[in-house]
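*Asks:* Sequence:
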Amino acid sequence: KYEIAETVIRSKKRFTYEEAQKVIDTGKGPHHVALEILAKMAAMLTSKRFREGSIDLDTPEPRFELDDKGKPLSVYVKERLAAHRLVEECMLMANKTVAAHISLLRNTKHNRDPEPSKASPHKQDSSKTRFPFIYRIHDRPDTDKLRNIAEMVRPLGIQFAPTDKKVSSSSVNELIRQANQTTLKYAINELILRSMAKAVYSPKNIGHYGLGFSEYSHFTSPIRRYPDLIAHRLLKQYASGLPGYSYTELIRLGDHCSDRERDAITAERDSVKLKQVEYMSERLGDTFAGVISGVTDKGLYVVLNESFCEGMVAMRDLDDDFYVYEQSRHLLRGRNRGKTYKLGDEMTVKAVRTNAEQRQIDFVPA
349 KYEIAETVIR
359 SKKRFTYEEA
369 QKVIDTGKGP
379 HHVALEILAK
389 MAAMLTSKRF
399 REGSIDLDTP
409 EPRFELDDKG
419 KPLSVYVKER
429 LAAHRLVEEC
439 MLMANKTVAA
449 HISLLRNTKH
459 NRDPEPSKAS
469 PHKQDSSKTR
479 FPFIYRIHDR
489 PDTDKLRNIA
499 EMVRPLGIQF
509 APTDKKVSSS
519 SVNELIRQAN
529 QTTLKYAINE
539 LILRSMAKAV
549 YSPKNIGHYG
559 LGFSEYSHFT
569 SPIRRYPDLI
579 AHRLLKQYAS
589 GLPGYSYTEL
599 IRLGDHCSDR
609 ERDAITAERD
619 SVKLKQVEYM
629 SERLGDTFAG
639 VISGVTDKGL
649 YVVLNESFCE
659 GMVAMRDLDD
669 DFYVYEQSRH
679 LLRGRNRGKT
689 YKLGDEMTVK
699 AVRTNAEQRQ
709 IDFVPA
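Take the sequence shown: its letters are residues 349 to 714, numbered as in my numbering.
Treat the hints as calculated values from the structure; they're not laboratory data. Some hints could be false.
[What the hints assert, rightly or not] With a straight-line Cα cutoff of 27 angstroms, these simulated DSSO-like cross-link-like pairs (lysine-lysine) come out:
1) K493 - K552
2) K584 - K444
3) K419 - K621
4) K552 - K476
5) K361 - K426
6) K552 - K584
7) K690 - K533
8) K621 - K690
9) K444 - K552
10) K396 - K546
11) K646 - K533
12) K396 - K349
13) K417 - K621
14) K623 - K546
15) K444 - K546
16) K546 - K493
17) K533 - K698
18) K444 - K396
19) K690 - K493
20) K690 - K646
21) K376 - K388
22) K493 - K476
23) K476 - K546
24) K514 - K444
25) K621 - K493
26) K388 - K476
27) K444 - K419
28) K396 - K426
29) K533 - K552
30) K533 - K426
Produce the entire structure from the sequences given, and follow the hints as far as they go.
*Replies:* Okay, structure coming up:
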């Protein structure tokens, strides 16, 4: 059961994720009974979601310890706690419930349509004339990109063969499961993420492939995300029998918010890469352990184990032999000695050059 109403939240305790996790782990502390129940419920919801087709991607989030001037002192990967998952599942449930509520409004006969907006000329689709709403939608992944991933991971012993345009979420999860047993867990997860269509905002509901939901919205963060504020406004207006945004207006607003989100993601990735370059700039000459994350005819890409900084070992710096790129096997092979560098191999490298403007880090074999 659920109820949608204008309410006021009175917080009795503000937890950090780490504080909540400690209470869950020990069973001691403020509100420990409620947190334990909520944690069990969240675990059930997570299990149910993956059984029903949600994709279980796990990509690392590098974080930086900065000095007063913004200079990176250390890099670490944000730990994903059960407390994070708990909040995530509650948010997913709320967002899914709100989207289902709109369908219920449309399908309930006694609900009188709000006064139609003059800006909406559409007559055919009920979502255009009856309670138009803004959804978070996610299309199926690019099959060609998934085939490229399948070719790349085959030398690692991972079997994955996307053959049709309707790649099932279960087959993608099986790929992730196999990848997670290799040294390239995070690199392959990132490639899978990039093969996916980008989630966008739209009044035309096509479902959310990544979550496995037939209807989904963004509702839980109206103080920081504009689409959520739109959802709140629409819910309030429809509850009062008033017209909301028109379908045409929601198309325009959805496109705008999706564009701004893409810009924000690009800026975030650039800022992370820049800080990684700045971090490595202070450690030129140091030696690091890493994993080969990419092989090209120009050289090797290596991801460092501790900091997740990625850099390149250029072909010219592999000077102990003449190396030939074997594209079908994703490896470099020495013509004279037969030594190979292949995807997933562990490799020790030395940082020798950085370029902040081009966001580049150069390694040589150590």
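*Asks:* CA of K514 to CA of K444, is that 27 angstroms or under?
*Replies:* This hinted pair holds, its Cα atoms lying about 23 angstroms apart.
*Asks:* Regarding the pair K533 and K552, is the alpha-carbon distance no greater than 27 angstroms?
*Replies:* Answer violated: K533 to K552 is near 35 angstroms, above 27 angstroms.
*Asks:* Between K361 and K426, is the straight-line Cα distance small enough, at 27 angstroms or below?
*Replies:* Holds, at about 24 angstroms.
*Asks:* Can you confirm whether the C-alpha distance between K690 and K493 stays at or below 27 angstroms?
*Replies:* holds, 21 angstroms
*Asks:* Between K552 and K584, is the straight-line Cα distance small enough, at 27 angstroms or below?
*Replies:* Holds: K552 and K584 sit about 21 angstroms apart, inside 27 angstroms.
*Asks:* Does K552 pair with K476 here, judged by a C-alpha cut-off of 27 angstroms?
*Replies:* With Cα atoms ~8 angstroms apart, K552 and K476 stay inside 27 angstroms; holds.
*Asks:* Does the alpha-carbon distance linking K646 and K533 stay inside the 27 angstroms limit?
*Replies:* holds, 24 angstroms
*Asks:* Measure nothing beyond the straight line between the CA atoms of K396 and K546; if it is 27 angstroms or shorter, mark the hint as holding.
*Replies:* holds, 24 angstroms
*Asks:* Check the hint pairing K690 with K646 against an upper bound of 27 angstroms on the C-alpha distance.
*Replies:* holds, 14 angstroms
*Asks:* Between the alpha carbons of K533 and K698, is the straight-line distance 27 angstroms or under?
*Replies:* holds, 23 angstroms
*Asks:* Is it true that the CA of K444 sits at most 27 angstroms from the CA of K396?
*Replies:* Given that 27 angstroms is the threshold and the Cα spacing comes to 14 angstroms, the pair holds.
*Asks:* Taken at face value, is the distance from the CA of K690 to the CA of K621 at most 27 angstroms?
*Replies:* holds, 24 angstroms
The structure shown violates the earlier hints numbered 22, 26, 27, 29.
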